[in-house]
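Enquirer: One-letter residues, chain by chain:
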Amino acid sequence: MIEAVDQHLISAVQAGLPIAARPYAVIGERLGLSEQEVIERLARLRAQGLIKRWGVVVKHRQLGYRANAMIVMDVPDDRVGDVGALLSQQACVNLCYQRPRQGEVWPYNLYCMIHGKSREVVLEQWAELRHACALTAYGYEVLFSRRCFKQRGALYSLRAESSKSAQSVTGQAQPGQAVFEMHSG
Amino acid sequence: MLAQLQPLHKHLLNDYQQDFPLSPTPYRDIAEQLGVSEDEVLHAFEELSAQRMISRIGPVIAPNSIGSSALVAMAVPEHDLARVAELVSAYPEVNHNYERENRFNLWFVAVADDEAQLGMVIAEIETRSGYPAMTLPMLADYFINLGFEMNLHD
Chain A
1 MIEAVDQHLI
11 SAVQAGLPIA
21 ARPYAVIGER
31 LGLSEQEVIE
41 RLARLRAQGL
51 IKRWGVVVKH
61 RQLGYRANAM
71 IVMDVPDDRV
81 GDVGALLSQQ
91 ACVNLCYQRP
101 RQGEVWPYNL
111 YCMIHGKSRE
121 VVLEQWAELR
131 HACALTAYGY
141 EVLFSRRCFK
151 QRGALYSLRA
161 ESSKSAQSVT
171 GQAQPGQAVF
181 EMHSG
Chain B
1 MLAQLQPLHK
11 HLLNDYQQDF
21 PLSPTPYRDI
31 AEQLGVSEDE
41 VLHAFEELSA
51 QRMISRIGPV
61 IAPNSIGSSA
71 LVAMAVPEHD
81 LARVAELVSA
91 YPEVNHNYER
101 ENRFNLWFVA
111 VADDEAQLGM
121 VIAEIETRSG
131 YPAMTLPMLA
141 DYFINLGFEM
151 NLHD
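Quick note, the sequences are listed as chains A and B, same order.
Its first residue numbered 1, the first sequence is counted upward by one per residue in UniProt numbering.
Its first residue numbered 1, the second sequence is counted upward by one per residue in UniProt numbering.
Because the hints were derived from the structure by calculation, they are not lab data.
Check before you lean on any hint, since a few could be wrong.
What the hints assert, rightly or not - No more than 30 angstroms apart at the CA atoms, straight line, and that leaves these computed lysine-lysine pairs for DSSO-like:
id, chain 1, residue 1, chain 2, residue 2
1, B, K10, A, K117
2, A, K150, A, K52
3, A, K117, A, K150
4, A, K150, A, K59
5, A, K52, B, K10
6, B, K10, A, K59
7, A, K150, B, K10
8, A, K59, A, K117
9, A, K117, A, K52
As the list claims (entries may be wrong) - Looking from chain B toward chain A, a few residues come up when the C-beta cut is under 10 angstroms (computed):
id, residue
10, L106
11, Y131
12, A140
Claimed, not checked - Take a look, some chain B residues computed to stay more than 10 angstroms from chain A by CB distance:
id, residue
13, Q17
14, P24
15, T25
16, L34
17, V36
18, E38
19, E40
20, E46
21, Q51
22, P59
23, P77
24, N95
25, E99
26, M134
27, P137
Quick reminder that beta carbons are idealized off the backbone N, C-alpha and C, glycines included.
Could you build all of it, start to finish, from the sequences and the hints given here?
Expert: Here it is in structure tokens:
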């Protein structure tokens, strides 16, 4: 289980590292930790993999990458690991996950994400990928995103009192709560 | 929009998504790596932040390392989509709530303390919306390099 100090630290950096000459000292001051301790704890969490990456989080849409497609595939179970590993090495693929099939209504078990500047570019990249990665025999669907209803703010609270979510619909973290943003389920 | 970005901005956007320096003076370290002044780096990050091209410099937490999460999909009739989307977005446990072009047209990620609580949140959304939800937890993550690489030449 994650230490309380680390919870508070992740919560503090969740909103973003200050843009200042000594940003870790600023964070440390808020938490009563030394600059060195902040750095060491973050480095350890990064090395352990709990922090999957530590750095600049870009906004694709603001950067002109407005076409976002989630591609779902029906890959034989004994091939899904190999195909997933191969796809995740492709430059245009951003995420690649295995998820459970849902019977006939949704037979897909492999999900990947492609961001591009236009639908045409994304579809071209997908067509190339299908051939390059030998996926042409597998069923798939391409799901372009349309409206974005919520992009962030699912700040996960370790101390959420309960799941009675309707009582706290603002999505605002309470003071002292440890909050985490998750990018993928 | 990208064309207006200077090379410095592009480097800052591309090169520091995985491992931002964990040193007392990270912005100065970056400045030295890129051959510019610390003030230029600080100023450029302020601009990128003000223009909302970056959401922050911070952590991305590994899925399911803290709590329990799942991708959830719902098939909602067009005329009712706005209501259901709003209902779903209001949950603090929900993020990345998107409309997608499919018969399953509402896709979101829900995160809770544990699997039981996650199930309760999704069940409540089903009850309140009146539509069933498909819960799609991650079974394997094949992606190691989660950053997003832009083409520096466009």
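Enquirer: Quick one: work out the minimum CB distance from P59(B) to chain A and report holds if it exceeds 10 angstroms, violated otherwise.
Expert: Not fine: 4 angstroms to the nearest Cβ puts P59(B) too close to chain A.
Enquirer: Is it correct that the beta-carbon of P24(B) has no partner in chain A closer than or equal to 10 angstroms?
Expert: Non-interface label fails for P24(B): nearest chain A Cβ at 6 angstroms, not farther than 10 angstroms.
Enquirer: Over 10 angstroms to the closest beta carbon of chain A is the bar; see if Q51(B) clears it.
Expert: violated (7 angstroms)
Enquirer: Beyond 10 angstroms from every chain A Cβ: check whether that's true for E40(B).
Expert: Given a closest Cβ separation of 12 angstroms, the condition holds.
Enquirer: Keeping to a limit of 30 angstroms between CA atoms, is the pair of K52(A) and K10(B) held or broken?
Expert: holds (22 angstroms)
Enquirer: Has the given pair, K150(A) with K52(A), been kept, meaning a C-alpha gap of at most 30 angstroms?
Expert: Between K150(A) and K52(A) the Cα gap is close to 22 angstroms, so the pair holds against 30 angstroms.
Enquirer: Take a quick look at V36(B) and tell me if its Cβ sits farther than 10 angstroms from every Cβ on chain A, holds or violated.
Expert: holds (15 angstroms)
Enquirer: May I ask you to check that L34(B) keeps its beta-carbon over 10 angstroms from the closest beta-carbon of chain A?
Expert: Since the minimum Cβ distance to chain A is about 14 angstroms, L34(B) lies beyond 10 angstroms and the statement holds.
Enquirer: Given the hinted pair K59(A) and K117(A), is their Cα-Cα distance within 30 angstroms?
Expert: holds (13 angstroms)
Enquirer: Would E38(B) pass as off the interface with chain A, using Cβ distances and a cut of 10 angstroms?
Expert: With a cut-off of 10 angstroms, E38(B) comes too close to chain A, as the shortest Cβ separation is near 7 angstroms.
Enquirer: Just to be careful, I want the Cα atoms of K150(A) and K10(B) compared with a cutoff of 30 angstroms; is the pair within it?
Expert: holds (26 angstroms)
Enquirer: Between the alpha carbons of K117(A) and K52(A), is the straight-line distance 30 angstroms or under?
Expert: This hinted pair holds, its Cα atoms lying about 26 angstroms apart.
When the structure is compared with the earlier hints, violations turn up for hints 11, 13, 14, 15, 18, 20, 21, 22, 24, 25, 26 and 27 and for no others.
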